[in-house]
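Participant: First to last, the protein sequences are chains A and B.
Each residue of the first sequence is one higher than the last, beginning at 35 in this note's numbering.
Each residue of the second sequence is one higher than the last, beginning at 144 in this note's numbering.
Among the hints, a few may not be true.
What the hints assert, rightly or not - Between beta-carbon pairs, the in silico distance windows are:
{"#": "1", "chain 1": "A", "residue 1": "Val170", "chain 2": "B", "residue 2": "Ser181", "range": "30 to 36 Å"}
{"#": "2", "chain 1": "A", "residue 1": "Leu225", "chain 2": "B", "residue 2": "Val173", "range": "21 to 27 Å"}
{"#": "3", "chain 1": "A", "residue 1": "Gln64", "chain 2": "B", "residue 2": "Phe160", "range": "39 to 45 Å"}
The hints are simulated quantities; they were obtained by calculation from the structure and are not laboratory data.
In this text, all values refer to a predicted model and were calculated from it rather than measured experimentally.
Built from N, CA and C at the ideal position, the CB exists for glycine as well.
Listed below, chain by chain, are the residues.
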Amino acid sequence: MEISRDLFQPIAQGREDAEAIVRPSTTYWQDAWRRLKQNKGAMAGLVIIILLTVMAIIGPWISPYTYDAQQLTAEGTNRLPDATHWFGTDDLGRDLFTRVWYGARISLLIGFVTALVQFLIGVTYGGISGYLGGWVDEIMMRVVEVLYAVPFLLYVVLLMVLMEPGLKTILIALGAVYWLPIARLVRGQVLSLKEQEYVLAARALGASPWRIIFRHLIPNSMGPILVYTTLAIPEAIFAEAWLSFLGLGVSAPIASWGSLISDGIASIRQYPFQLFFPAFFISLTILAFNIFGDGLRDALDPQLRK
Amino acid sequence: MKQGEVLVDVRNLKKYFNMSMGFVKRQRPVLKAVDDVSFSIARGETLGLVGESGCGKTTLGRTLLRLYEPTAGKVFYRGQNIFAYNRGEMQRIRRKMQIIFQDPYASLNPRMTVSDIIGEPLDIHGLVRGDDRKERIHELLRLVGLNPEHAARFPHEFSGGQRQRIGIARALAVEPEFIICDEPISALDVSIQAQIVNMLEELQDNLGLTYLFIAHDLAMVKHISDRVAVMYMGKIVELSESRELYRHPLHPYSQALLSAVPVPDPQVAKGRQRIILEGDAPSPIDPPGGCRFRARCPRAKAVCQEQEPTLRNMGGGHQVACHLV
Numbered sequence: 035m036e037i038s039r040d041l042f043q044p045i046a047q048g049r050e051d052a053e054a055i056v057r058p059s060t061t062y063w064q065d066a067w068r069r070l071k072q073n074k075g076a077m078a079g080l081v082i083i084i085l086l087t088v089m090a091i092i093g094p095w096i097s098p099y100t101y102d103a104q105q106l107t108a109e110g111t112n113r114l115p116d117a118t119h120w121f122g123t124d125d126l127g128r129d130l131f132t133r134v135w136y137g138a139r140i141s142l143l144i145g146f147v148t149a150l151v152q153f154l155i156g157v158t159y160g161g162i163s164g165y166l167g168g169w170v171d172e173i174m175m176r177v178v179e180v181l182y183a184v185p186f187l188l189y190v191v192l193l194m195v196l197m198e199p200g201l202k203t204i205l206i207a208l209g210a211v212y213w214l215p216i217a218r219l220v221r222g223q224v225l226s227l228k229e230q231e232y233v234l235a236a237r238a239l240g241a242s243p244w245r246i247i248f249r250h251l252i253p254n255s256m257g258p259i260l261v262y263t264t265l266a267i268p269e270a271i272f273a274e275a276w277l278s279f280l281g282l283g284v285s286a287p288i289a290s291w292g293s294l295i296s297d298g299i300a301s302i303r304q305y306p307f308q309l310f311f312p313a314f315f316i317s318l319t320i321l322a323f324n325i326f327g328d329g330l331r332d333a334l335d336p337q338l339r340k
Numbered sequence: 144m145k146q147g148e149v150l151v152d153v154r155n156l157k158k159y160f161n162m163s164m165g166f167v168k169r170q171r172p173v174l175k176a177v178d179d180v181s182f183s184i185a186r187g188e189t190l191g192l193v194g195e196s197g198c199g200k201t202t203l204g205r206t207l208l209r210l211y212e213p214t215a216g217k218v219f220y221r222g223q224n225i226f227a228y229n230r231g232e233m234q235r236i237r238r239k240m241q242i243i244f245q246d247p248y249a250s251l252n253p254r255m256t257v258s259d260i261i262g263e264p265l266d267i268h269g270l271v272r273g274d275d276r277k278e279r280i281h282e283l284l285r286l287v288g289l290n291p292e293h294a295a296r297f298p299h300e301f302s303g304g305q306r307q308r309i310g311i312a313r314a315l316a317v318e319p320e321f322i323i324c325d326e327p328i329s330a331l332d333v334s335i336q337a338q339i340v341n342m343l344e345e346l347q348d349n350l351g352l353t354y355l356f357i358a359h360d361l362a363m364v365k366h367i368s369d370r371v372a373v374m375y376m377g378k379i380v381e382l383s384e385s386r387e388l389y390r391h392p393l394h395p396y397s398q399a400l401l402s403a404v405p406v407p408d409p410q411v412a413k414g415r416q417r418i419i420l421e422g423d424a425p426s427p428i429d430p431p432g433g434c435r436f437r438a439r440c441p442r443a444k445a446v447c448q449e450q451e452p453t454l455r456n457m458g459g460g461h462q463v464a465c466h467l468v
């Protein structure tokens, strides 16, 4: 085939027009949200978390029973799930539907508060320690190691001596311990990032240490921090569960998923549904947080953008 | 040296790093990255700084800006010793002195958009706000030859040359007078290098900038610099007007460096003698006494072992630190 001159013609669009076709200006967080929305798994996780939270708030309200109302009759105790008691009743005739959602309040509250506390304290502490370095870092990390060395159970028992057992004590106990690993994680991240040239550039521009930590170092360590935090929520829920199991957690008649499970285990052979419902929701929560955390990590990394 | 006032005057600058040797710190070896360096840069001038990898060029540039705390010495900027400045004074002087980094992939925060990166200096110094800020960012992007539409993108969406332009725009945002170019082109493709160097020269003419141009590409340094300083193991061994240095290098190290510059004319290249240096540079942790170059110097004599040479003026502003000249 012969290629002649008249086969060619100049394209209509100039370079300027081509450059005009750009996507609208977005901030970092808008962009992360857009990418998160594209991740079906993460969105499913988020929806489950929201639904569980909503149910924890309204669940006890939509049920005609209260969490501690007993029905100590032969037909009232250990009822199988039916139209009146959707999740059945326990050995004291208390409505399990109400108790599961009441327990969700306690468990999710513990999870969220612990995550928030560990995030705020751990990230700030680790960021400052790693960025300042030198003797400040030495002292701050020795403090973390000393606290780390105290056995968790021992110090929870000591706290119980000082304070009465209950939700407040559990929150203080978990909050006081859970920020330690994340502080070390953030410090390690910051140590490796602070020699990066973009940090030097920010210093050359006169950025304050505060600005460098919160605008440069922590956003760049956000991936591992968020994954760790989303994993810490189910971990805190579990920790509360076994503290309740040992009698150090919330005390009867208040329910948490942990105490419901430990009650349910007693009658696993006769009435497995008493174990099934709290165990199912605790598993669902953990699964939802894990897949959501994974998606969040991907969404926060602009280099994965397609 | 160009006529005019001295903008930056470096006096006996030293930067030592303490090398930690594990838990038992009986003896701390000291790495002398920059050891007693003095020079000055006139307003509007470009001073080239060359030397092999690890000779302390980058450390020198960063210490000048107090990105590293200096061990000793003084740096005068317009006659004021900036090493004596407190935090507030330092903050103000940072608007005048900026730096462009070597690695365009590491020097931009991957989590920030281009407009955030270039806007950060504007925010730190509270220069412009709101719509003016956006307009200023677009103006800076145009100044370095990028399209303002790129402002919403992230650094990883750009090529190396474009990223380097973003880094330059960030440095220019505070309207500096003096810019340290820390090997700004060595990480780029050869075809892009010329673009960036030409842009730096244009910016210098239009904005009246003064450069300290750090590089190891001698041909590029010759092209851009008015004067050139040759550094070896933390010391300046030769400093001269650029053309003079390339024509008549006096220090054996400069001669060896220059003999390695490729010549595009094969006829000339054939007739040239390349000086091959024996051995590696000795460790800067425990440098040998006397002249630091003597172990590799083809002409070393007894005096080189006994005495450390100092910079001597050879006339016409040509300074050299060698006993044999």
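Participant: Determine which of the earlier numbered hints do not hold for this structure and return their numbers in increasing order.
Facilitator: Nothing - there is no hint that the structure violates, so all of them hold.
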